[in-house]
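Chain Z is fixed; fit chain F onto it per the hints.
The chain contents come next:
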Amino acid sequence: MLRLQKLTKTYKTGDQALKAIDLEVPKGQVLALIGPSGAGKSTMIRCINRLVEPTDGGVHLGDMDLTKLGSSALRKARREMGMIFQEYALVERLTVMENVLSGRLGYVGFWRSFLRRFPQSDVDEAFRLLDRVGLLHMADKRADELSGGQRQRVGICRALIQNPKLLLVDEPTASLDPKTSRQIMRLITELCKERGLAAIINIHDVALAQMFVPRVVGLRFGEVVYDGLPTGLTPGKLTEIYGEEDWEATIEKVDDEDIEATE
Amino acid sequence: MSHRELDDMLGKGWRKPAFVKNPLVRWLLIVGFVAYLIAAFMTIEVDWGRVYEGLDRGWAFILAFTSPDFLSRWSDIWGGLVESIVMTVAASVVGILISIPIGLGAARNIAPLPVYVVCRGIVAISRALQEIIVAILLVAIFGFGPLAGFLTLSFATIGFLSKLLAEDIESMDKVQAEAIKASGARWMQWINYGVQPQVMPRLVGLSMYRIDINFRESAILGLVGAGGIGATLNTAFDRYEYDTAAAILILIIGIVMTLEYLSGVIRARVQ
Numbered sequence: 571m572l573r574l575q576k577l578t579k580t581y582k583t584g585d586q587a588l589k590a591i592d593l594e595v596p597k598g599q600v601l602a603l604i605g606p607s608g609a610g611k612s613t614m615i616r617c618i619n620r621l622v623e624p625t626d627g628g629v630h631l632g633d634m635d636l637t638k639l640g641s642s643a644l645r646k647a648r649r650e651m652g653m654i655f656q657e658y659a660l661v662e663r664l665t666v667m668e669n670v671l672s673g674r675l676g677y678v679g680f681w682r683s684f685l686r687r688f689p690q691s692d693v694d695e696a697f698r699l700l701d702r703v704g705l706l707h708m709a710d711k712r713a714d715e716l717s718g719g720q721r722q723r724v725g726i727c728r729a730l731i732q733n734p735k736l737l738l739v740d741e742p743t744a745s746l747d748p749k750t751s752r753q754i755m756r757l758i759t760e761l762c763k764e765r766g767l768a769a770i771i772n773i774h775d776v777a778l779a780q781m782f783v784p785r786v787v788g789l790r791f792g793e794v795v796y797d798g799l800p801t802g803l804t805p806g807k808l809t810e811i812y813g814e815e816d817w818e819a820t821i822e823k824v825d826d827e828d829i830e831a832t833e
Numbered sequence: 010m011s012h013r014e015l016d017d018m019l020g021k022g023w024r025k026p027a028f029v030k031n032p033l034v035r036w037l038l039i040v041g042f043v044a045y046l047i048a049a050f051m052t053i054e055v056d057w058g059r060v061y062e063g064l065d066r067g068w069a070f071i072l073a074f075t076s077p078d079f080l081s082r083w084s085d086i087w088g089g090l091v092e093s094i095v096m097t098v099a100a101s102v103v104g105i106l107i108s109i110p111i112g113l114g115a116a117r118n119i120a121p122l123p124v125y126v127v128c129r130g131i132v133a134i135s136r137a138l139q140e141i142i143v144a145i146l147l148v149a150i151f152g153f154g155p156l157a158g159f160l161t162l163s164f165a166t167i168g169f170l171s172k173l174l175a176e177d178i179e180s181m182d183k184v185q186a187e188a189i190k191a192s193g194a195r196w197m198q199w200i201n202y203g204v205q206p207q208v209m210p211r212l213v214g215l216s217m218y219r220i221d222i223n224f225r226e227s228a229i230l231g232l233v234g235a236g237g238i239g240a241t242l243n244t245a246f247d248r249y250e251y252d253t254a255a256a257i258l259i260l261i262i263g264i265v266m267t268l269e270y271l272s273g274v275i276r277a278r279v280q
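Keeping their order, the protein sequence lines are chains Z and F.
Residues in the first sequence are numbered from 571 upward in steps of one, following the working numbering.
Residues in the second sequence are numbered from 10 upward in steps of one, following the working numbering.
One chain only, chain Z, in its complex shape:
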């Protein structure tokens, strides 16, 4: 469903963030993108919805090449891709409901959105999503009154109300505590399964990625150096992705957590 073809990004400074990445994500597959800071994870998902302009190569969503679109067509294409951010990126001075409904901006006209008169179906869907993530009672609170975990749930609602085919998720758990991190990852993967969504999840916590996703892609210096099952991430592979370090502890921890999770 999503196909990256020799996707390349070279920044003005000359840094090559992505070196001809080829990647295919089938419908409904959730994959984790791991790699050290500066490996190009964030750049890659931003190149997909063109928040960052790729320098070269193609991004095919269905049978559309996103890199060829003009600004109006790009807006339409962005509706198909929900994005969830590190540090939530909610508009802090807007209410929870406004934040969720902002996911519908691609579908409603300016005056409707300006007057906050969204179609009833959108409002109902927003209520349903907030209820699904357990925040219905918070609908009229301002976003900056929420805790980190709650904010990320609102961020998830905002992405899902777009009714996307694909989720782009950028470090969803980077500023959350371990328990909340797992809850958020569980919520994202559950919702993807419910709705048959594909997702690319940037994540630097390898153990967390291994717990929740069926496929892991490892990025290093803008190149794919691993693509396979989470169980295939041996110390050797991790060293290839991140560099030399003692990986036994990380991997053992995963085993413990797996047992705990199945209990």
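The hints are simulated quantities; they were obtained by calculation from the structure and are not laboratory data.
The beta carbon of each residue, even a glycine, is placed where N, CA and C say it ideally should be.
This list has only true hints and no planted wrong ones.
Simulated restraints, written as ranges between beta carbons of each label pair:
hint: 1; chain 1: F; residue 1: TRP23; chain 2: Z; residue 2: PRO596; range: 58 to 66 Å
hint: 2; chain 1: Z; residue 1: LEU706; chain 2: F; residue 2: GLY273; range: 31 to 39 Å
hint: 3; chain 1: Z; residue 1: HIS707; chain 2: F; residue 2: TRP23; range: 53 to 61 Å
Only chain F this time, still in chain Z's reference frame:
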């Protein structure tokens, strides 16, 4: 290896690195500045005899505050005040409305380069021309009266507000705005949802402050014939009616303090 480096540094003391690294340049700058300051003060001529004579007049002026005369020229004062307030409100509303699009255009992170250059140009012109100079020009064009004052204040408001609004937009949180863009929002929706909530408190605060400034300026503009309470004040001084002048100044101070209080209340509410 690293141990030997550490041994060298232990017991050495530590100072914050100087802003200007070269000590010679540093001391030249300091000494030069002090010398300039002394020389500058020495060029200011003070005629102590004149100051002594003037003390009496100053004293009479200050004494007038103990017996301000609101009544004998009340109709002039009232007329001037109303004119000033009308000028202030009209100029602030028009100025703020024009400032918003110019402010958006003058923010480098949301406007394309040609728009940015034009808007920054407007801001620069408005800021370069001091109110009094603009007022003199506009009085020459439109004649004496509040119309010239109103136009002057609107023009000055644009320079002030657009610049500060643009700077606030430039320092906003990029990711919040990015998140709105990622949903497929149009440009106007992006501004309304992603940018406006971030800059609104500052815009309201600055607007209140500008209303305050506009009222005070309206008292000055009368001196060059652009209407308002300043004209009344000027007449009072010309006639040596210090008690009437004192009454006018007290009213101005009162109104400015009221505005200050109001702006505090409003800013606390929009945080």
